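2 protein chains.
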Amino acid sequence: MVEPSIVTPSLRDQLDVVISTSGSLDFLEGWRPFLKNYHLIIVQEGDSPKTVKVPDGFDYELYNRTDAERILGPNARCITFKDSASRSFGFLVSKKKYIFTIDDDCLVAKDPLGKDIDALEQHFKNLLTPSTPTFFNTLYDPYREGVDFVRGYPFSWREGAPTAVSHGLSLSKPDGVASNQKNQRYVDAVITIPKGSLLSLNGTNLAFDKELVGPAMYFGVVREGQPAGFHDELWAGLCIKVICDHLGVGVKSGLPYVWHSKASNSFADVEKEKAVSWEKEVIPFFQQVVFPKEASTAQQCYLELSKQIKGKLSGVDPYFSKLSEAMATWIEAWGKLYAS
Amino acid sequence: MVEPSIVTPSLRDQLDVVISTSGSLDFLEGWRPFLKNYHLIIVQEGDSPKTVKVPDGFDYELYNRTDAERILGPNARCITFKDSASRSFGFLVSKKKYIFTIDDDCLVAKDPLGKDIDALEQHFKNLLTPSTPTFFNTLYDPYREGVDFVRGYPFSWREGAPTAVSHGLSLSKPDGVASNQKNQRYVDAVITIPKGSLLSLNGTNLAFDKELVGPAMYFGVVREGQPAGFHDELWAGLCIKVICDHLGVGVKSGLPYVWHSKASNSFADVEKEKAVSWEKEVIPFFQQVVFPKEASTAQQCYLELSKQIKGKLSGVDPYFSKLSEAMATWIEAWGKLYAS
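Residue numbers (my numbering), protein chains in the order written: chain A, 292 to 631; chain F, 292 to 631.
Bear in mind the hints are in silico, worked out from the structure with no lab data behind them.
Just so you know, these numbers come straight off a predicted model, no measurement behind them.
Hints may be right or wrong, so weigh each one.
A pair holds if it fits inside one copy or across any two, identical chains being indistinguishable in the list.
Stated by the list, open to error - Here are the simulated SDA-like pairs of lysine to any residue, each with C-alpha atoms no more than 20 Å apart in a straight line:
#	residue 1	residue 2
1	Lys571	Glu450
2	Lys571	Ala452
3	Lys401	Arg476
4	Lys565	Trp448
5	Lys401	Val478
6	Lys627	Glu616
7	Lys601	Thr357
8	Lys563	Pro433
9	Lys571	Arg449
10	Lys584	Ala452
11	Lys327	Lys401
12	Lys571	Trp448
13	Lys406	Tyr477
14	Lys406	Arg476
15	Lys563	Asp439
16	Lys387	Leu628
17	Lys563	Pro575
18	Lys388	Ile297
19	Lys563	Glu450
20	Lys584	Leu404
21	Lys406	Val478
22	Lys563	Arg449
23	Lys565	Phe446
24	Lys598	Ser587
25	Lys563	Val438
26	Lys603	Glu616
27	Lys401	Tyr477
28	Lys388	Leu331
Input sequences plus hints: build the corresponding full structure.
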C-alpha cells in the first residue's frame, strides 16, 4: 500500500533547501526524485568566485562570501565561510516558512524494507504535527499514524505544542573503525526531546520552522580560536533548544534517516581532556539559563542569550566572547533584513 | 550469531519476579524457558484463601491478604488487594536487589526476526548500564552494544547515572478497535527519560533496582474513591520519576517488549472531561515538586512526597488525602520490615 504524500505543491513552495558546499554537488543527482521540485539555496564555502556547478534541472540561488558582504554589509562578519556553518547565511536570506538543510555528502537512505526514504516527507510530518515537550509519551510520537498516547497520559496535555525543529538522523556504513558517528541502526521512531533536556544537534539532516525559531538557528563563527572539542552543531543545538523550551515549542528527533557516505571523525578521544574544562561551565549554563518573560520571540531570546553568554562565559574562554558578539551581529543582520 | 547471555546464575539470584493474579497463572507456561530459573513472588488478589495454582516446576512464594496482615499488621491497609496494585506487597517482601513485575495476561513477544524475546535479559542490560538523564543522546541508549554517544555529546556527561528503572513496553494484536493501548509497532530502542520530564508508567513489564528506589515504587490504594480517570500506574510513575530525578538516578523506557493478549481499555474518552479537573493540579505539582537536600534516600523522599501531597493536593480531591496517608503507611511498613 502506498501512502499518499502529505506534501502538496503549495506546501512544497513554503520550504527552501539550504546547502553549503565547497565544490561538488554531485550528491544532488541521487536526491533528484525528492528535491527536483524544491527551491535550493546554495552557499559556496571559501573565498573563490562562484565555481559551484549545480546539476541541470534544479531551481536554485547561489551565494558566496561576496554576495553576503553585498547583502549584509559589515554584518557579514557573523557568517563563517570556512566550512558548513556558512549555511546560516542561507537560513537568513530564505524567504520561506520552512528550511531543510542537508550536508553535501549525504545520500538517500533506505528504510528496512529497502525503499528510498523521502526525507522531506517525514520532516513535514514532524513539523506539521505537534510535539510533546512537557510530558513524555513512551510510545514515541503520538501524532504519528497508527500511534496514540499511552494509557494514563494526561488528557489535558494531549494537545501538545507547535513543532519548531525536526532533527533527522543519519546512517553510515560499518567500516570496522570504532567511531561515535558510525550509526548503522534504523530506529523507527520520532520523539520529542523533553523540555529542560539538552541535545547535541547534528546539522546533517535538519528541518525547522523559520517563522517560529529562525533567528535562533545559527551555526556561529567557527575555526577562529574555538576551544578544543568545541562543536558548532552542539552549540547551535544548545541555543535553539533552550529558546524552544522558553517559547513553548517542540524539538523532535529521529526519522527521517539519510545516508552519510563519509562521516568525519573530528572528535578523537584526545580532545576529551581539553573539552572538559569549558564543558563544565558551558553545559550547566545552558541547563540553568532563564529568559525574561518579555522575551517572546526567537529574535529577542537569541539577543538575550548572547548577552548572558558574554556575561557568564567570556571568562571561560575568549572564544565565547567572540561568539556572543557574532550572535548579536547575527540578530542585527536579521533585524535589518526583515525590518521593512 | 547468538549473543551470549549477560545473565549469570548469580545475577539471576539477585532478582525476584513479582506477579499479582486473580486466579490463573497459565500464562507462565509460555514464559517457562525464560523464567524457570527465577524465584517468583505471587500475590493473590481478592479476599479468598489461597486458590492460585502455579504450574509445576516454578520456584515461588504465594501471598494473600491474610499473609499481608500477618506480616504488616495494621500497615497492611496500604496494600490494595482488589487489583494488580497488590503487587506492591510483593515488592515490599522481596529480599532481592532487583524486581521484575509482569501482568498475568502477558505472553512472550517476538522480535522483528521472529525470535522470542527474553525480557529479563534486556531488563538486566538496561539496569546494569548507566542512564543519561541530564543530556539527551539522539542515538538512544549509548551504552548498548554497537551504539555510542553522538558527535558533540559532552565528554563530561558520558559517565551517565545509575539506572534505577527499566520500563518495558508491550505489543498487542490489531483488532480494528481504536484504543490508546493497542500498540503494534516494535521500536528497537531504549531511551533515558530525561531529568525533569514525566511519563505515564505502565506496570505491565517493569523492572527496577529495589536497593536504589524500592520504597518509591508503590501502586497506591485503588478503587477507593479515586477520581475519574485516575490511574494507579500514572501515579506510581509520577512519584518514582520525580524521586529518581532528585536522587540522580535514571529511568529507561523502550525494549524489551512483551505481548499483551487482552489489553484493557479502561480509559474511555468519556473520562476525559472529568480527569481534566484534577490533572490540571496534579501534573503541575509533580512538574514543580522540590525535595530538601537532606532527603537522600528513596524512603526519605517518598515520605516527604506524601507530606507535600497532603498539603497541596488534598483540596483537589479527598482521594489525594487518603492516598498520601497510604503512602506514609507504606513507608512505615517498609521501615518496620527493614529496621533490623
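Return the numbers of the hints above that this structure violates; sort them in rising order.
7, 20
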